[in-house]
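Protein chains in written order, with my numbering: chain A, 1 to 205; chain B, 1 to 205.
Hints in this document: simulated from the structure, not taken from any laboratory.
Among these hints, one or two may not hold up.
Said to hold, decoys possible - Simulated pairs of lysine to aspartate or glutamate, DMTMM-like, Cα-Cα distance not exceeding 25 Å:
#1 B:Lys139 x A:Glu26
#2 B:Lys142 x A:Asp136
#3 B:Lys139 x A:Asp12
#4 B:Lys159 x A:Asp173
To be verified - Just a sample of chain A residues kept apart from chain B, beta carbon distances all over 12 Å, derived:
#5 Glu47
#6 Lys48
#7 Glu84
#8 Ile94
#9 Val96
#10 Gly102
#11 Tyr104
#12 Asn143
#13 Ala147
#14 Thr149
#15 Ala154
#16 Leu156
#17 Ala175
#18 Glu189
Don't be surprised by glycine CBs; every beta carbon is placed ideally from N, CA and C.
Okay, here's what each chain looks like letter by letter:
Protein chains: 2
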Amino acid sequence: MILCDIGNTTVDIYENAICRKVALLEFYPELLIGDVWYACVNSSVQEKISFLGNWQDIGLLIDREKYYPTMGIDRILVCEAIEEGVIVDAGSAITVDVMKKGIYEGGFITLGLKSAQEAYAKLSHALDVSFNFEVDLAKMAKNTPDAVTTGFVAPLVEKIVRLGNPIYICGGDSAQLSHFLPNSIIDRELVFKGMIKLINRDRKC
Amino acid sequence: MILCDIGNTTVDIYENAICRKVALLEFYPELLIGDVWYACVNSSVQEKISFLGNWQDIGLLIDREKYYPTMGIDRILVCEAIEEGVIVDAGSAITVDVMKKGIYEGGFITLGLKSAQEAYAKLSHALDVSFNFEVDLAKMAKNTPDAVTTGFVAPLVEKIVRLGNPIYICGGDSAQLSHFLPNSIIDRELVFKGMIKLINRDRKC
Numbered sequence: 001m002i003l004c005d006i007g008n009t010t011v012d013i014y015e016n017a018i019c020r021k022v023a024l025l026e027f028y029p030e031l032l033i034g035d036v037w038y039a040c041v042n043s044s045v046q047e048k049i050s051f052l053g054n055w056q057d058i059g060l061l062i063d064r065e066k067y068y069p070t071m072g073i074d075r076i077l078v079c080e081a082i083e084e085g086v087i088v089d090a091g092s093a094i095t096v097d098v099m100k101k102g103i104y105e106g107g108f109i110t111l112g113l114k115s116a117q118e119a120y121a122k123l124s125h126a127l128d129v130s131f132n133f134e135v136d137l138a139k140m141a142k143n144t145p146d147a148v149t150t151g152f153v154a155p156l157v158e159k160i161v162r163l164g165n166p167i168y169i170c171g172g173d174s175a176q177l178s179h180f181l182p183n184s185i186i187d188r189e190l191v192f193k194g195m196i197k198l199i200n201r202d203r204k205c
Numbered sequence: 001m002i003l004c005d006i007g008n009t010t011v012d013i014y015e016n017a018i019c020r021k022v023a024l025l026e027f028y029p030e031l032l033i034g035d036v037w038y039a040c041v042n043s044s045v046q047e048k049i050s051f052l053g054n055w056q057d058i059g060l061l062i063d064r065e066k067y068y069p070t071m072g073i074d075r076i077l078v079c080e081a082i083e084e085g086v087i088v089d090a091g092s093a094i095t096v097d098v099m100k101k102g103i104y105e106g107g108f109i110t111l112g113l114k115s116a117q118e119a120y121a122k123l124s125h126a127l128d129v130s131f132n133f134e135v136d137l138a139k140m141a142k143n144t145p146d147a148v149t150t151g152f153v154a155p156l157v158e159k160i161v162r163l164g165n166p167i168y169i170c171g172g173d174s175a176q177l178s179h180f181l182p183n184s185i186i187d188r189e190l191v192f193k194g195m196i197k198l199i200n201r202d203r204k205c
C-alpha cells in the first residue's frame with residue numbers, strides 16, 4: 001500500500017515506512033502500482049487521479065463532523081494521528097490543534113516562519129533580518145533580529161506550551177520550531193500515521 | 001511650539017494640544033512658523049529640514065545609551081513618555097516595550113494587523129479572510145476566520161498581558177488591539193508626550 005499527500009508544489013509519498021518528496025511537476029500518479037490512498041489539495045491532480053482505479057481518497061474515511069467544514073485535510077489527518085495532545089504543523093502556515101481523548105478541541109493558524117520573515121521584510125528594510133533561532137525567548141530583546149524573532153516566536157511558543165502536553169511537531173520547519181519547545185516530539189510522518197489509522201479503522205468496520 | 005513626527009507616508013503635526021495628520025506629499029516644512037521639534041525617518045525630508053533654522057531634531061535630546069543602537073526613533077519616543085509600564089505601538093508593525101522606573105527593559109516587534117492579514121492572504125486563498133475582532137480569544141477556534149484571528153492575536157495579547165501593567169496603546173490600530181486588552185490605556189499622543197518630556201528636561205538642564 002502506498003500513501004500520497006499531494007500539495008500544491010510537492011507530493012509526499014510513503015511506502016514501506018519510507019517517505020520521499022517529489023516535485024508536483026515530476027509526479028506521474030499513473031506510474032504508482034497497487035493500492036494508493038491519497039489526500040490532495042490540488043484540483044487538477046485530483047481530476048487526473050479520479051480516472052485511476054487503484055487510487056482511493058482518504059477524505060472519504062474521515063468523519064467530517066468531528067472537525068469544522070473548511071478545515072484543511074492535512075490538518076485533519078495530523079489530528080487523526082493523535083488521541084491526546086497538541087499538534088503543531090509548522091509548514092508554510094503553522095497550525096496548532098488540540099485533541100483530547102480523540103475529540104478535536106479546536107485550534108488556530110498562524111503564519112509560517114518563512115512567511116512571517118517575508119512580511120517583516122516587506123514592512124521595512126530595517127526589519128529584513130533573519131530570525132535568530134539561538135535567541136533566549138525568556139529575555140527581553142535589545143537588538144533588531146532578537147526583537148523580531150521574539151516578537152513572532154515567543155508569544156506563539158508560550159501559547160503552545162500553555163495548551164498542554166504532549167506536543168507533537170511536524171512540517172518542514174519542525175526542527176527550527178522544536179528548538180524553542182525542548183520537550184516536544186518531532187514526528188514528520190503524522191499525516192501518514194493519521195491516514196494509516198483511518199484505513200485500519202475502516203478495515204475493522 | 002510645534003511638534004512633528006515625520007514618517008514615510010504621513011506626517012503627524014502637534015500644535016496647541018491638537019494633532020493633525022498630513023500626507024507626506026502635501027507637507028511643506030518651510031511653511032511652519034516658529035520653533036518646531038521633529039522626529040524624522042525619511043532621509044529626503046530630513047535633508048530639506050536641515051536647511052530650516054527653526055527646526056530642531058528631537059533625536060539630539062535622547063540619551064541613546066538607554067536603548068539599543070538600531071531602535072527606531074518613534075519607538076524610543078513612546079518609551080520616553082512612560083516611566084513604568086508596557087507600551088504597545090500598533091502601527092504597520094506592532095512594537096511592545098517595557099519601561100521600569102524610567103529604565104528601558106527591552107521589547108519586541110511583531111507584524112501589524114494589516115501586514116499579518118496580507119501575509120495570510122498570500123499563503124492561500126482559504127486564509128484570505130478578515131480578522132474577527134469579536135472573537136473570544138479564550139476559546140479554541142472552530143472556523144477559519146476565528147482560527148486565523150486567534151492564531152495571530154491570542155498569543156500576542158496573552159504575551160502583552162504577562163508583561164505587566166499598566167498597558168499603554170498608541171498607533172493607528174490601537175482601537176482594534178485594545179478591544180482585546182480591556183484594561184489598557186489608549187493614548188495616541190504618546191510620541192508627542194515623549195517629545196515634550198525630552199524638551200522640558202533639556203530646558204531644566
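Cross-check of the supplied hints:
Of the supplied pair hints, the one linking B:Lys139 and A:Glu26 is violated, its CA atoms being roughly 43 Å apart against a limit of 25 Å. Restraint check: the Cα-Cα separation between B:Lys142 and A:Asp136 comes to about 32 Å, which exceeds 25 Å; the hinted pair is violated. Of the supplied pair hints, the one linking B:Lys139 and A:Asp12 is violated, its CA atoms being roughly 33 Å apart against a limit of 25 Å. A threshold of 25 Å between alpha carbons decides the hint, and for B:Lys159 with A:Asp173 the separation of about 23 Å falls inside it, so the pair holds.
With a cut of 12 Å on Cβ distances, A:Glu47 stays outside the contact zone with chain B, its closest approach being about 18 Å. With 12 Å as the threshold on Cβ separation, the claim that A:Lys48 sits away from chain B holds: the shortest Cβ distance comes to roughly 21 Å. Separation of A:Glu84 from chain B is adequate, the least Cβ-Cβ distance of about 15 Å exceeding the 12 Å criterion. Annotated as non-interface, A:Ile94 brings its C-beta within 12 Å of a C-beta of chain B; the closest such distance is 8 Å.
A Cβ of chain B approaches the Cβ of A:Val96 within 12 Å, the least distance being about 7 Å, so the stated non-interface status is violated. Under the 12 Å C-beta cut-off, the non-interface status given to A:Gly102 relative to chain B holds; the minimum distance is some 16 Å. Non-interface status of A:Tyr104 relative to chain B is broken: a Cβ of that chain comes within 12 Å, the nearest being about 8 Å off. Once the 12 Å rule is applied to beta carbons, A:Asn143 is inconsistent with being away from chain B; the minimum gap is 5 Å.
Listed as a non-interface residue, A:Ala147 fails to keep its Cβ farther than 12 Å from every Cβ of chain B; the least gap is roughly 5 Å. Non-interface status of A:Thr149 relative to chain B is broken: a Cβ of that chain comes within 12 Å, the nearest being about 8 Å off. A Cβ of chain B approaches the Cβ of A:Ala154 within 12 Å, the least distance being about 6 Å, so the stated non-interface status is violated. With a least beta-carbon separation of about 5 Å from chain B, A:Leu156 fails to lie farther than 12 Å from that chain, contradicting its non-interface assignment.
Non-interface status of A:Ala175 relative to chain B is upheld: no Cβ of that chain comes within 12 Å, the nearest being about 21 Å off. Here A:Glu189 stays apart from chain B, with its beta-carbon at least about 23 Å from theirs, past the 12 Å limit.
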